[in-house]
Amino acid sequence: MALLKMKFPLQRRVRLAQGLWLLSWLAVLSGAFIFCLGVYLKTELLRRAEVMDNAEIHVVPNILMLVSLASIGTNWFAGRVCQDSLDTTRFPRWKRFLMGWFAVVALLCSLLVTAVVLSYALQGRLEESLKVGLRNGIRFYRDTDVPGRCFQKETIDRLQIQLRCCGNTNYRDWFEVQWISNRYLNFTSKEVKDRVRSNVDGRYLVDGVPFSCCNPESPRPCLQYHLLDNNAHYNYEYQTESLNLYSRGCRQALVDYYMELMNTIGPGVLSVILTQITVAVSLRYLQTAVEGAMALDNPEDDSDGYLLEKNLKETIQDIKTYFLILYMRNKINLESDDADAAEKATAS
Amino acid sequence: MAVGKVTFTKAERDKLAQVLWLLNWISVVTGVILFSLGLFLKVEIQKRREVMSDQDILYVPHMLITTGLVACCINFLGGKICYDSVDTTKFLRWKLVILPYIVCTFFFTFCVLVGALTCYSIRNQLEESLFLGLRNAMRYYKDTDMAGRCFLKRSMDLLQIQFQCCGNGGYRDWFHIQWISNRYLDMTSSTVVDRLRSNVKGKYLMDGVPFSCCSTFSPRPCIQLQVTNNSAHFNYNHQTEQLNLWRRGCHQALLDHYTGIMQSIGLIVLVIWLFELLVLTGVRYLQTAMENVLLLGDPDSESDGWILENSLAETARSNFNIIKNLGKCYQVDDDPNINIPTATEREVPSRQVQIPVAS
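Those sequence lines, one after another, are chains A and B. Residue 58 in the numbering used here sits at position 58 of the first sequence; the count goes up by one each step and never skips. Residue 96 in the numbering used here sits at position 96 of the second sequence; the count goes up by one each step and never skips.
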């Protein structure tokens, strides 16, 4: 009892072959499209690589790029098979590759599904990575004279301006870090000495933020220093002032940005998976219909196309028996090898 | 003595018609490109309309947009004409239209050239407009509570951040303007009152700049206030400090930005103009060749094609005479063929028609 059997007269077989040829080229194009999306995601992740602690999230664009390249190959192969399918002399040479092709396509589809699942599952890891990366960035903000860290200031400033964010969680992260280098502090001044002495680690901490935290939407000129002191500025109350600085933290801003990017890529990947499955199912029907037609006396007669020759349970049973026979054969071979080796050992 | 005479066999004429059909369709695409270039330029100018004092330079993108649309229509018609020129019977349909079409297209390509040249000549007008626009934007920077000016602060800040520039000609322009609103000045404080009194117009001027002038490339935290006072900051010398603020003025930055865009657009439009001229020459050759074939009577024979039938001087003279004679259209001259009615003419008897009445 075949699974989903359909009748295929000659005309329908021809139509199926033509439609599938077009569909396989469409699938090639969509594979190329997914490759471009993967490259775009990777470049966006690399752009902010300096504020990421690890590169675990890169597995998503890497999978997308590899799978899309492989899918271009498999769909091109499907197109070639379609072209030859209606010619009884040329079709048989593709026959033995088709089983392997179905396995490869199943693997590719599952990898794509994995990529989509990972893009959501790795969100927590991404956030952790950004937390550590941003913390280091803020800590080394002042080290513009230390090789290896001299561009942290520019990176963090540019990040805060472009993403309209301030600090790791919010602007108060800057209060806990000395972001003004000692090179620019006058250690003969009383004020500086007092502040440094009042801190346990001898750091110069201020309730101030760098200029890149300033929000251009604010109606008043930006207040960067003495942010928690209402008396330091005229007509200022830090509890109610919301527009002076960016209120969002850079970690949240980056996570939102990347999640939005992956959310837009997600539907594209799912539609490519659907296209690939459609190609696979159509090719299976074409294969069985053409093979059925070739087995008939008159190759132009109607033939049957199906997904599985027997129903699902019987097919699984068949596969189990196949592997069991394979295992048995291997075992017998191994036992006979052992027996031979034992004989040789006793003989010598 | 024809200008640029070339002899065409039937096969060559057909080939020419087919090639011109293809070129006309490519010209439709270039017309679309012209249209989109005009649209792009318009959007770019509109984006920064707040720092431009007048929007007169919008005539350049408007011209490009109309030229692009007209190019699409003209080349579409040209494609149709060339498609029909393969068959002499179908060509007869277009016989009356084709010469005016060529003349119109010739003037149209002239418009395209003018469009390309205006892109290069716009610089002076743009310079003036940007200077005044930026000066006003800086003057009204503090007026975030006034309707119509409340977004100038944001626009100016975003402009300075994006283009990495400060002020009109340089950062010192901010020293001559009160950019901190009185709402945020403590009028009871003696420093504020002293500063206001020391200024003739009662403006609060200071040697400070807004935060958007700060350079991201500076190794030290930004110094915005008391920029020219070396003793106000530790280890600071404003004459040698290069990286603290953006050095370039926004006037220069915007001018460079727009001039760059206009020059690239101008170059593309020039290339399109040359292409249109090529297509026009081909259509002219096709027209003259087809008309000569019709005159000869045999559709398969060879015919001549040219750009001008007589030399340039003779054509100019004959056209001038035509224009002169057009002016004499309504004057009475001694042409013996014109019938002037006189009193000696016999009257034509009128016939009387009897209508029979049925009884």
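Hints are not guaranteed to be accurate.
Computed footprint of chain A on chain B, listed as stretches where at least three residues anywhere in the stretch have a Cβ under 8 Å from a Cβ of chain A [unchecked claim]:
(1) 177–183
(2) 252–262
What follows is a list of derived Cβ distance ranges for each label pair [as the list claims (entries may be wrong)]:
(3) B/S36 / A/R172: 40 to 50 Å
(4) A/R164 / B/D145: 21 to 31 Å
(5) B/V97 / A/R164: 51 to 61 Å
(6) B/D145 / A/L29: 50 to 60 Å
(7) B/L158 / A/R172: 21 to 31 Å
(8) A/D53 / B/V200: 49 to 59 Å
(9) A/N136 / B/V43: 34 to 44 Å
(10) B/N237 / A/R164: 29 to 39 Å
The hints are simulated quantities; they were obtained by calculation from the structure and are not laboratory data. Backbone N, C-alpha and C define an ideal beta-carbon position, used for all residues, glycine too.
Please flag the earlier hints that this structure goes against, numbers listed from lowest up.
2
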